[in-house]
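**Q** As a plain string of letters, each chain reads:
There are 2 protein chains.
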Amino acid sequence: MPVNLPEINPASIHSIDGIRLGWAESNIKHKNRKDLLVIEIAQGSSVSGVFTQNRFCAAPVTLCKKHLAAVKNNDITGINALVINTGNANAGTGEKGMVDAIATCETLAKIMAIPAESILPFSTGVILEHLPMDKLLAGLPHAVDNLTENNWVDAASAIMTTDVAPKAFSTQVSIDKELINITGISKGAGMIHPNMATMLGYVATDANIPQAFLDEITKEITDLSFNCISVDGDTSTNDSFIVIATGKSTAPALTNRNSKGFSEFYNGLLETAQYLAKAIIRDGEGATKFITVNVKGALTIDEAKTIGFSIGKSPLVKTAMFASDPNLGRVLAAIGYASRECKSLENLDTNTLELYFGDVLVAEKGGRAASYNEDDGQAIMNAAEIDITVELHRGNEEATIWTCDFSYDYVKINAEYRT
Amino acid sequence: MPVNLPEINPASIHSIDGIRLGWAESNIKHKNRKDLLVIEIAQGSSVSGVFTQNRFCAAPVTLCKKHLAAVKNNDITGINALVINTGNANAGTGEKGMVDAIATCETLAKIMAIPAESILPFSTGVILEHLPMDKLLAGLPHAVDNLTENNWVDAASAIMTTDVAPKAFSTQVSIDKELINITGISKGAGMIHPNMATMLGYVATDANIPQAFLDEITKEITDLSFNCISVDGDTSTNDSFIVIATGKSTAPALTNRNSKGFSEFYNGLLETAQYLAKAIIRDGEGATKFITVNVKGALTIDEAKTIGFSIGKSPLVKTAMFASDPNLGRVLAAIGYASRECKSLENLDTNTLELYFGDVLVAEKGGRAASYNEDDGQAIMNAAEIDITVELHRGNEEATIWTCDFSYDYVKINAEYRT
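Line by line, the protein sequences are chains F and W. The first sequence begins at 14 in our numbering and counts up one residue at a time. The second sequence begins at 14 in our numbering and counts up one residue at a time.
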């Protein structure tokens with residue numbers, strides 16, 4: 014079961030003016046399961062995207078980038094719809110994969126009477142198998158038929174693969190007493206690692222934000238949320254995070270960082286993205302612990318993130334966490350080899366750093382802290398939420414990453430996924 | 014059980030003139046178990062070492078480097094002995110760790126009547142706990158008492174931690190009908206990854222090789238053996254590989270690459286180091302499969318090694334291997350994200366590379382090979398030894414790495430290690 018991931022309260026999820034969502038059961042991999050989602054976006058919206066850096070990126074990712082470029086080049090006026098299927102990733106599918114992704118957009122374009130280039134396609138699921146196009150295309154009219162503004166919770170279910178629970182979050186900010194709504198959904202449970210993972214994230218707001226500024230914010234928010242999580246260090250072929258601003262709110266436009274209310278909005282968007290990113294870790298394959306790694310006092314953010322992920326990816330640390338074992342030695346070893354991936358850490362002085370489990374100082378001066386007794390560490394490890402903090406004392410930069418433990422069930426889920 | 018690791022045949026392990034080995038049961042972690050080893054080295058031998066790059070390197074590693082430097086600076090005439098304890102790594106032990114390592118050398122020096130600086134100390138086992146010095150020092154006279162030339166097989170047992178089986182290998186080469194003997198032992202099962210791992214390796218030969226040339230060869234051999242293996246991507250604090258050349262053979266000296274018989278000797282030494290490195294993988298924690306990843310046609314060796322380890326470290330690939338699942342999608346995804354750790358791979362063309370399981374072409378042109386049927390892939394996966402080959406078609410460099418699968422038992426062993 015997910016670690017401290019509360020069930021979605023439908024009343025807490027606000028619809029976004031300018032966004033309608035419709036789903037279908039199209040039997041792509043399983044029967045009687047929502048597996049196709051269409052998101053309709055009102056004319057005049059800004060739409061930004063961040064995508065996987067995997068060289069084997071999926072055909073739909075390539076097509077998304079092309080269609081977003083068409084907006085930038087004014088070949089089309091904007092993005093009008095997203096279409097997402099689960100059960101099959103359409104990745105590692107060669108030329109036919111691209112033909113299928115284009116056909117999906119073209120069929121949906123006819124049904125919705127919009128340009129095919131104004132549609133962003135997404136796929137998630139098994140790699141290297143061709144999409145069952147007949148089933149997928151047959152589902153599209155059903156998804157369009159039930160487009161409504163308040164389908165967000167069903168939409169969160171419609172994009173799940175190995176997820177145990179759907180993931181959705183809403184918040185509101187007000188500027189001059191005018192409300193801005195922010196609502197998002199995400200999916201992902203394994204093959205999670207920056208930059209990015211088998212994760213899909215969609216956040217919409219009715220705020221009014223010009224395209225170029227939304228692009229800038231989206232990149233920043235991604236680096237502070239979805240690019241700070243790891244289940245297993247595997248970066249998938251299909252990861253995508255999309256932010257939509259419909260501009261339907263009556264609040265004043267947010268055109269730059271000095272716009273009135275911008276910082277409140279930014280914090281609301283960041284809270285939403287971080288909630289959705291952390292929800293993926295809470296629902297990590299086989300996870301029994303939610304682990305936060307804070308690294309402080311680094312020379313650069315890269316140093317802090319590298320040490321954070323060195324700890325957060327280590328199978329030895331993660332199996333110790335599964336066992337609620339306060340095995341500080343494995344954490345120190347992971348700090349020690351972080352220099353493999355970040356050259357500036359080659360002169361890291363291990364005698365001046367401090368390691369904390371929760372607020373308990375466990376290691377300093379190159380060894381176990383004199384004040385530490387293992388009962389205190391054990392109490393921290395017994396909890397479902399574990400905080401690890403490394404204070405490097407060599408600079409002013411810091412980073413936080415989120416990860417989960419490594420359990421029998423992780424092996425079970427991934428050894429049996431295709432059977 | 015280890016994957017295809019034959020039991021040591023004592024008759025196949027040759028002693029090395031100039032080397033004597035003695036062990037003791039000193040109850041460092043377990044009772045009635047060999048856990049202390051002394052290796053005596055004849056005057057006039059060359060001794061070379063390669064050590065972990067972990068910033069939290071253990072006190073004995075720091076002391077080894079210091080003593081080897083003393084030889085280089087002619088402060089002492091050479092290395093006369095090695096002392097190795099298992100059960101406790103003396104790592105993350107701060108200042109007291111160094112005091113203990115020095116005391117170990119000083120006590121042994123008195124017993125053997127040699128300088129303390131001529132002794133290299135090694136420790137392996139639990140991190141962050143202080144060595145039980147009374148037990149260790151009490152064991153030293155017993156180890157010295159039973160020094161003999163033919164203790165190699167017992168020595169292989171005396172350095173084990175979570176290893177299931179001892180690891181030893183011998184070979185011979187002849188130059189002008191004069192024999193050169195090469196014999197080595199290694200230990201390690203988890204926390205295995207370059208550069209290097211919780212592994213110890215000791216190889217001795219009676220060949221006559223000057224110190225500087227032995228240093229050069231040792232580094233090369235390490236890069237082609239112990240630095241090509243990964244169990245879990247964790248690099249330990251204590252890894253060390255030592256090569257000793259006693260010069261007692263009547264074969265002509267090997268002073269440079271053009272020396273008569275050098276290439277035969279080099280191949281024998283490489284065979285020994287690779288056997289011992291692969292034996293560690295065969296005995297990898299929870300391993301049920303031995304996996305060889307060949308990467309060919311790369312622009313640089315770094316590209317080839319990075320892709321090899323990207324596949325060999327992926328928990329998704331390793332759990333699929335455990336399940337005998339020919340899941341080529343996960344292998345392709347791991348190739349695709351290798352650019353995270355090797356910038357030149359950012360322009361890798363995934364449409365021109367080929368992927369083979371055994372000799373079966375499984376993927377080309379960015380997707381599944383048209384000729385591939387899954388029964389052929391399944392037959393390859395069902396075996397205990399699996400070869401994966403990636404042909405990049407972008408250059409002439411190549412690398413081979415060795416790894417194992419990821420099983421329930423890996424989690425079990427590492428979740429329960431301290432209990």
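It is worth saying that the hints were derived from the structure and are not from the lab. Mixed in with the good hints, there may be bad ones.
When chains are identical, the list treats them as one kind, so a pair holds in a single copy or across two.
What the hints assert, rightly or not - Restricting the straight-line Cα-Cα distance to at most 30 Å, the calculated cross-link-like pairs of lysine-lysine (DSS-like) are: (1) Lys356 x Lys232; (2) Lys78 x Lys232; (3) Lys309 x Lys356; (4) Lys42 x Lys261; (5) Lys356 x Lys425; (6) Lys148 x Lys309; (7) Lys232 x Lys44; (8) Lys309 x Lys425; (9) Lys109 x Lys148; (10) Lys123 x Lys109; (11) Lys42 x Lys123; (12) Lys85 x Lys356.
As the structure is a computational prediction, the values presented were derived from the model and not from experiment.
**Q** Between copies, within a copy, both or neither: which fits Lys356 and Lys425 at Cα up to 30 Å?
**A** neither (36 Å within a copy, 34 Å between copies)
**Q** Measure nothing new, just compare the shortest in-copy and cross-copy C-alpha distances for Lys85 and Lys356 to 30 Å and report within, between, both or neither.
**A** between (37 Å within a copy, 28 Å between copies)
**Q** When no copy is specified for Lys78 and Lys232, does a C-alpha distance of 30 Å or less occur within a copy, between copies, both, or neither?
**A** Classified as within; 15 Å inside a copy, 46 Å across copies.
**Q** At most 30 Å between CA atoms: does that hold for Lys356 and Lys232 within a copy, between copies, both, or neither?
**A** both (25 Å within a copy, 21 Å between copies)
**Q** Treating 30 Å as the Cα threshold, decide for Lys148 and Lys309: within, between, both or neither.
**A** Intra 51 Å, inter 40 Å, cutoff 30 Å: neither.
**Q** Have a look at Lys109 and Lys148 and pick one of within, between, both or neither, based on CA distance no larger than 30 Å.
**A** within (16 Å within a copy, 68 Å between copies)
**Q** As a check of your reading, is Lys42 near Lys123 (CA-CA no more than 30 Å) within one copy, between copies, both or neither?
**A** Classified as within; 25 Å inside a copy, 73 Å across copies.
**Q** When no copy is specified for Lys123 and Lys109, does a C-alpha distance of 30 Å or less occur within a copy, between copies, both, or neither?
**A** Within one copy only: 21 Å inside, 75 Å across.
**Q** Within a copy, between copies, both or neither: which one fits Lys232 and Lys44 at a CA-CA cutoff of 30 Å?
**A** Neither: 37 Å inside a chain and 58 Å across chains, both beyond 30 Å.
**Q** Cα distance capped at 30 Å. Does Lys309 pair with Lys356 within a copy, between copies, both, or neither?
**A** For Lys309 and Lys356, the Cα distance is within 30 Å both inside one copy (18 Å) and across copies (27 Å).
**Q** When Cα atoms must be at most 30 Å apart, do Lys42 and Lys261 count as within-copy, between-copy, both, or neither?
**A** Answer is neither: 37 Å inside a copy and 69 Å across each miss the 30 Å cutoff.
**Q** If the cut is 30 Å between Cα atoms, do Lys309 and Lys425 qualify within a copy, between copies, both or neither?
**A** Answer is neither: 35 Å inside a copy and 32 Å across each miss the 30 Å cutoff.
Violated hints for the displayed structure, listed by number in ascending order: 4, 5, 6, 7 and 8.
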